[in-house]
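Knowing the structure of chain A, use the given hints to seat chain B on it.
As a plain string of letters, each chain reads:
There are 2 protein chains.
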Amino acid sequence: MSDQVKYLLSEKDMPTHWYNLAADFPTPMAPPLHPGTGKPITGADLAAIFPPALIEQEVSTKREIDIPGPVLDIYRLWRPSPLMRARRLEKALQTPAKIYFKYEGVSPTGSHKPNTAVPQAYYNKSAGIHKLSTETGAGQWGSSLAFAGSLFGIEVVVFMVRVSFNQKPYRRAMMEAFGASVHASPSKETDSGRAILANSPDSPGSLGIAISEAVEVAAKDPRTNYALGSVLNHVLLHQSIIGLEAMKQMEHAGDEPDILIGCTGGGSNFAGLVFPYLGRQLRGGRKVHVIAVEPTACPSLTRGKFAYDFGDTAHLTPLVKMHTLGSTFVPPGFHAGGLRYHGMAPMVSHAAHLGLIDAVNRQQISCFEAGLLFGKAEGILPAPEATHAVRVAIDEAIKCREEGVGKTILFNLSGHGHFDMQAYMDFHDGKLQDRTYDEKELAMALAGLPSVGA
Amino acid sequence: MSDQVKYLLSEKDMPTHWYNLAADFPTPMAPPLHPGTGKPITGADLAAIFPPALIEQEVSTKREIDIPGPVLDIYRLWRPSPLMRARRLEKALQTPAKIYFKYEGVSPTGSHKPNTAVPQAYYNKSAGIHKLSTETGAGQWGSSLAFAGSLFGIEVVVFMVRVSFNQKPYRRAMMEAFGASVHASPSKETDSGRAILANSPDSPGSLGIAISEAVEVAAKDPRTNYALGSVLNHVLLHQSIIGLEAMKQMEHAGDEPDILIGCTGGGSNFAGLVFPYLGRQLRGGRKVHVIAVEPTACPSLTRGKFAYDFGDTAHLTPLVKMHTLGSTFVPPGFHAGGLRYHGMAPMVSHAAHLGLIDAVNRQQISCFEAGLLFGKAEGILPAPEATHAVRVAIDEAIKCREEGVGKTILFNLSGHGHFDMQAYMDFHDGKLQDRTYDEKELAMALAGLPSVGA
Chain A
1 MSDQVKYLLS EKDMPTHWYN LAADFPTPMA PPLHPGTGKP ITGADLAAIF
51 PPALIEQEVS TKREIDIPGP VLDIYRLWRP SPLMRARRLE KALQTPAKIY
101 FKYEGVSPTG SHKPNTAVPQ AYYNKSAGIH KLSTETGAGQ WGSSLAFAGS
151 LFGIEVVVFM VRVSFNQKPY RRAMMEAFGA SVHASPSKET DSGRAILANS
201 PDSPGSLGIA ISEAVEVAAK DPRTNYALGS VLNHVLLHQS IIGLEAMKQM
251 EHAGDEPDIL IGCTGGGSNF AGLVFPYLGR QLRGGRKVHV IAVEPTACPS
301 LTRGKFAYDF GDTAHLTPLV KMHTLGSTFV PPGFHAGGLR YHGMAPMVSH
351 AAHLGLIDAV NRQQISCFEA GLLFGKAEGI LPAPEATHAV RVAIDEAIKC
401 REEGVGKTIL FNLSGHGHFD MQAYMDFHDG KLQDRTYDEK ELAMALAGLP
451 SVGA
Chain B
1 MSDQVKYLLS EKDMPTHWYN LAADFPTPMA PPLHPGTGKP ITGADLAAIF
51 PPALIEQEVS TKREIDIPGP VLDIYRLWRP SPLMRARRLE KALQTPAKIY
101 FKYEGVSPTG SHKPNTAVPQ AYYNKSAGIH KLSTETGAGQ WGSSLAFAGS
151 LFGIEVVVFM VRVSFNQKPY RRAMMEAFGA SVHASPSKET DSGRAILANS
201 PDSPGSLGIA ISEAVEVAAK DPRTNYALGS VLNHVLLHQS IIGLEAMKQM
251 EHAGDEPDIL IGCTGGGSNF AGLVFPYLGR QLRGGRKVHV IAVEPTACPS
301 LTRGKFAYDF GDTAHLTPLV KMHTLGSTFV PPGFHAGGLR YHGMAPMVSH
351 AAHLGLIDAV NRQQISCFEA GLLFGKAEGI LPAPEATHAV RVAIDEAIKC
401 REEGVGKTIL FNLSGHGHFD MQAYMDFHDG KLQDRTYDEK ELAMALAGLP
451 SVGA
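Heads up: the protein sequence lines correspond to chains A and B, in order. Mapping to this note's numbering: the first sequence position 205 is 205, numbers consecutive. Mapping to this note's numbering: the second sequence position 325 is 325, numbers consecutive.
Since the hints were derived computationally from the structure, they do not count as laboratory data. There's no promise every hint is true.
List of simulated lysine to aspartate or glutamate pairs, EDC-like, C-alpha gap at most 20 angstroms [said to hold, decoys possible]:
id : chain 1 : residue 1 : chain 2 : residue 2
1  : B       : LYS399    : B       : ASP429
2  : B       : LYS12     : B       : ASP73
3  : B       : LYS91     : A       : ASP13
4  : B       : LYS6      : A       : ASP13
5  : B       : LYS12     : A       : GLU11
6  : B       : LYS220    : B       : ASP191
Computed from a prediction, not measured in an experiment: that's the story for all the values here.
For reference, chain A alone in the conformation it holds in the complex (with noise of 0.2 angstroms):
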């Protein structure tokens, strides 16, 4: 037991550039289209609610993109962040296997959200954009767009949907405390919101909502951003700091990963551990099994379809070409909200279709399970997002002991459970159930997809 089990970088190694996998995809993706025109869209067209730094960022092919210095600055709150050998969680399973994890839950607001909330808010505060505005669901993101507002200097409205805004006043605490203000969504602030509150007042709100009423609050107002926290391409492409990292840590523990592995809700987590080592496979380098996991209550790798949609309901986003289980499918409640979006990252998308990476579904109750297995062993809480990703990398260990060998697994644990107790307080009582999508409202939802670009 006196082996090491936690690997810091120093501050020297933390890496100064982001890594883009569009500069090593095979074949180039498909383009982002107009919503009005079906075109594919140009910069001027996101001029609205972008700052132009994040609209090259959106379509560059450059393989290293520096990180700016005052971004640096920030991260080194928190990053280089951890990456740990889960030895005790190998000695409960009794696994051949060798289970590493790297821990975004170290950063201020407990998750991997902050890598791409500091730079969104450093580029829009270097345009002279005095306002962001934004969507959250759970309200990791949005906590995190809060938190790096305060240090901008810039203001930050968050649109939360209604049913966590009621759920997790604390989520809801925390932005304020950094400043920010929250609108439960549907709201009365945009035409968007009350257009729907008109014909159901007591909504519950989506992420697609949401997203619409952030996106129109920016569109109106020149010094009005919209910053997201998933999906495009700019996030993605800040969250490899994640990989980039661990690639480095991983040489510093000796091994190399044989398994990879992430749960996908938009995408930015599992994108930012895996994209730099599917980069470095592309490029000649060691192959990589990767896994992508999602909810078997929104399954859009799994179960969606790999077509043009918008991005929210309201459709007021550009198409784009993902995995989506369709922009009206509303999915059923469950604990991991993170989870709980129609479609997957346009990038993650394509590296799917490509057969770069795996996907597999998971009910709750048996991530929970794996959560609460690996908290004991290992001493942190998952959040329930999180968990998902837990689950199959036991049941990959759980494969490795059966089958006798020693595969190397790598898994991103993107956040902790502190603001989620009452999800394990659920668990602890009986009271959590598997939850599983209806049928035909996803035929429905995927009938009504756009038709422009098939």
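Only chain B this time, still in chain A's reference frame:
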């Protein structure tokens, strides 16, 4: 802004021993007395509730005590903890002072408490103990012992002050997630609890009552021991790793603290940071100005008496000489539950008696203001307890600005506020009130101090 802000130690530089201030006190501490006989207690008196190794540490005057390998292994899950320079806070305050803080919120339960929970679980397990009983107020200690118990496979039962049991279901959920059983105290599980419930069925409980219950459970069962999260000498010993690490990290930073600050409830996080520095000073090294910060509502160091007193309400514990408000004193309700204890650690009390440390008290509203100012600048929302240290660090930095002197301040940020967002919400909504104890009640409690050893 390109200066380093975070000072990490590599694992190989992590201290391998704890530091014991008893070795360097110029005059020895008064001995603990047996509650029945009023005579100094013996090791045998303590054997019913503590394992031999902890009894030995409790009375040791050895300067350095080795940290066992299995404890170091678990410490590595989060230690060495970071030391940070609060440059953004310095800038916000326009102070010439340098402000550093040691951050203990990176532990699995979010505070310094696991530093002693882990060795206590280890030594008890080694002594063949199957179960540990303890009390908890705000829940930081209970969840830390539950965590440590789960790692060593030792059962944990927690008596949680009833008012916190009701107000903080998520802390309770964390303890249960780690496999502990949690009772609201006063409970029907013990004679002490039943006696109090008979007189006041609606008793909100107190730490003193919960300690009585936990000690009773341990005393009655030979395979159950008691664990305390603060106050005792061996607890302060285990926390010294905070200051030992900080000394190395301040060296790396090329700085030396002029002022050391910690919040004090039972005294353990404060002692953990400052005792290694006080020892160096007592051995002829650099002099430091040490400030203990306590809540105005429970001011044992600033308004208590230095006298022999009981640690609990039912008078089951030994009598120890400490700064005390009287074991019958019930502090008014306020948010920093971890600072709501009638007594102060005997070692901290002795240091205060010898003039080695200063003590001040602060009201909670000004502490939350300081916590938010810190959070907005540095991205970490402090636990309500830790805001007391932040408040005085800011006060001292402002004093530096006014006097035009650039002192170096180091404070202990003992935990994050993720489980205390209700307090931040109350502050945000203007519901927080300053609280002061009742002078008459304090006078009565002090008049009731036992006359032994006076």
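Outcome of the hint check:
1. B/LYS399 / B/ASP429: violated, 30 angstroms
2. B/LYS12 / B/ASP73: holds, 12 angstroms
3. B/LYS91 / A/ASP13: Roughly 27 angstroms between the alpha carbons, so the hint for B/LYS91 and A/ASP13 is violated.
4. B/LYS6 / A/ASP13: holds, 14 angstroms
5. B/LYS12 / A/GLU11: holds, 17 angstroms
6. B/LYS220 / B/ASP191: holds, 11 angstroms
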